[in-house]
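Work from the hints to combine the two standalone chains into their complex.
Residue strings, one per chain:
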Amino acid sequence: MVNGASREARIRPGETLLEMLRNRLGLKGTKCGCEIGECGACTVVMDGVAVNSCMVLAAQAEGARVTTVEGLARDGRLHPLQEAFLELGAVQCGFCTPGMLMSALALLEIRPRPTRDEVARAIAGNLCRCTGYQMVVDSIMKAAEVMNA
Amino acid sequence: MRADLGARGMPIAGGTDVIVELRAGPAQGTTFIDLTLIDEMKGIREVDGGIRVGALTTHEEAANSTLLLERATALSEACSQVGSLQIRNRGTLGGNVANAAPCADGLTALVCLEARARLVSLAGGAREMLVEDLIERPYRTAMTSEELILDFFLPAPGEGARSAFIKLGRRDALAISRINAACLIEKDGDEVTRCRLAVGSVMPRTQRVREAEEDVEGRRVGMETAFNAGEAVAGRMVEASGVRWSTPYKEPAVRAIVKRAVLGAMGLKEG
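The listed protein sequences derive, respectively, from chains A and B.
Under the working numbering, the first residue of the first sequence is numbered 1, with each subsequent residue one higher.
Under the working numbering, the first residue of the second sequence is numbered 1, with each subsequent residue one higher.
Just chain B, same shape as in the assembly (with noise of 0.2 Å):
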């Protein structure tokens, strides 16, 4: 049936996003696709080495779920951020995804949970991608117009590892992120063992730092790792993108939120 509509055929689940850029343009002769009656992409559940999160999870549910908050905290955070209750009651994290604003909350702490997106295509056939090589600029992923993105599954970490979100927004609610950035942290005893961390906004695309994981990786656990990661994810971004008008005010936040997140994931506090 969408190969039938081609492009005119929109498809829409919570539409907080589909809607508000229609009004932006031409909305008339618009087909929309309902995708949330489809039952396939619902759903948030253990499975053998991890949690499968349907699609058309919306941020309220992935924000109250008890599974997403004790086994994948950086989610679960991200989501019970974005916009306003309203939206979130809506809203979906394929939704969130396949939008792929540079802003995104969801899915930076996907990409910090090394999440793989399930694409079923609507010409038959399936694939499974990395949500992080998904994305390829602001507002575009890897996705043809005839996929779909089913659901994600979360590989468990390791025993004891945490994960942790923060935003940083122009208020604290309904707002869009102006930085944001997730961070996971396995460890063994004072020392890490495993760091993934990823930000929104920061880089030109969402995406892991790795230079500042393998940073972290091996060093202790405390206040001075998680500021050489801040600064490491600083200079990345400097590097990235060069000096702009909202560097002066982007590099000492992005220090900052990035050694929360860090500090966040190592089960610490600032201050």
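Same shape as in the complex, but just chain A (with noise of 0.2 Å):
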């Protein structure tokens, strides 16, 4: 299950979900950073957590309820986290934006309420060279305010 709807693909053996998600199922929002796990460009919830999709084998996803940011919107409606994340100006180039997005939603999925240091630590796997981060865990922090409203 991709965004909840069931999806299938024709995949390599040593093919990556991240390369399945982006180049089979046509969803180009996680973006192929660093291939190794080193800058969460990649990142999706799997199952409910964050993982890298550069390093779990689109084989082992068979079965799984995978989240992209493609995911997030809802009737054309953008998600709280994405309404944070535009006003509170923690986008700038968007290349770690999806990423971020799937980190901070795993997170608050179970924990509705983090602290800022909580949100710091969930997107520690998440590089950003534009913000400073700041603006991300800002962002996080107003989204989860938004949704326990």
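Just so you know, these hints were derived from the structure itself, not from any lab.
Among the clues, some could well be false.
Residues from chain B shown here face chain A by an in silico Cβ test under 7 Å; the list is partial [as the list claims (entries may be wrong)]:
| hint | residue |
| --- | --- |
| 1 | Val-20 |
| 2 | Ser-80 |
| 3 | Gln-81 |
| 4 | Ser-84 |
| 5 | Leu-85 |
| 6 | Gln-86 |
| 7 | Ile-87 |
| 8 | Asn-89 |
| 9 | Glu-114 |
| 10 | Leu-174 |
| 11 | Ala-175 |
| 12 | Arg-178 |
What you are looking at is a predicted structure, and each value in this text was computed from that prediction instead of being measured.
Where a beta carbon is used, it is the ideal one built from N, C-alpha and C, also for glycine.
Next comes the structure, spelled out in structure tokens:
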């Protein structure tokens, strides 16, 4: 299941989840950064937890529930996380953003009211060269507030 | 099946080492054997005499386990500092040991806690060995190509025992250990009755430093003993590996990190 819909693809044995999402399923939102698990640009939520899709074999995702950034907006309405990121300037070049959103989504699912420290630790595996991270943390805190209202 | 596939059958669990290593070389024609469906390799549970930790336990599962946090703190602490949350959600303890990187974190804690690995062979049969003996040298274990790690047995330490793990990396997250240390202390009042001390990226392979352990046992709980342990390990490092380009950095760093691990296992803080 990808973003709530059952999806199928023919893959090569060594293909990664990242490659499948982008190249077979046309979901280009998830980014390819370092491909060795050091940047988090490829982060998706798989069975409730944030993972680097560059290091998951596509075959290992069989039967799993995967959420990508494309799964956030509903009926044309942005998710509170996306709204907050836009409102509070957490998006500059935007390359790290899908990964950040996914790490944040996974966090808020298990921790609806995180502390700033918990947010920082949740995104510790997502590198950003533009923002300096503060706006990203602010946005996630803001989204949590909105989602709990 | 593994025996049929021979050298081309690559076991994979979390993939956080396997996939990265494959990128460095040819991946064509690799057949993967996905271990993640093997239920016998999962779970953390109390058993007679200790705790069994399945080889497929992810670092995040180990980090969040109340059982490990209370009874094998060094392991829980080690696992909580590996890579990033994304990596910890996939990478497994079995993989950490089988990969045998010199900087492996979970490995150092397992060695300190005298963990035993249960190996199962696809050709039939099983054996058990100390994790410390399983590591032959960096990136090389004593496992045959037909063996897989089933689980780890952590023997229960004495009443009131405490363990700690300290990692020194270039930064606070997504960092590989430059040096790590794990220590277990049992005490009787003010006196250390038992000490186990393991270091990673210090000695030629991840191992306990018995000279330092013996140095600590019988001494008083406190800063001086912890300090001496640091000195002892740093000395052993230079003895074992000679003076290298990294020695001016590593020697004082090892002293400090080991001291902190010993203090942590004593239930004390620095300063």
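So, going through the hints one by one against the coordinates:
1. Val-20: holds (5 Å)
2. Ser-80: Interface hint status for Ser-80 of chain B: violated (10 Å vs cutoff 7 Å).
3. Gln-81: violated (10 Å)
4. Ser-84: Interface hint status for Ser-84 of chain B: holds (2 Å vs cutoff 7 Å).
5. Leu-85: holds (5 Å)
6. Gln-86: Hint on Gln-86 of chain B: holds, closest Cβ of chain A at ~4 Å, below 7 Å.
7. Ile-87: holds (5 Å)
8. Asn-89: Status holds, d = 4 Å.
9. Glu-114: violated (31 Å)
10. Leu-174: holds (6 Å)
11. Ala-175: At about 10 Å, which exceeds the 7 Å cut-off, the nearest Cβ of chain A leaves the hint on Ala-175 of chain B violated.
12. Arg-178: Nearest chain A Cβ about 16 Å off; hint violated.
Of the numbered hints given earlier, the model fails hints 2, 3, 9, 11, 12; all others are met.
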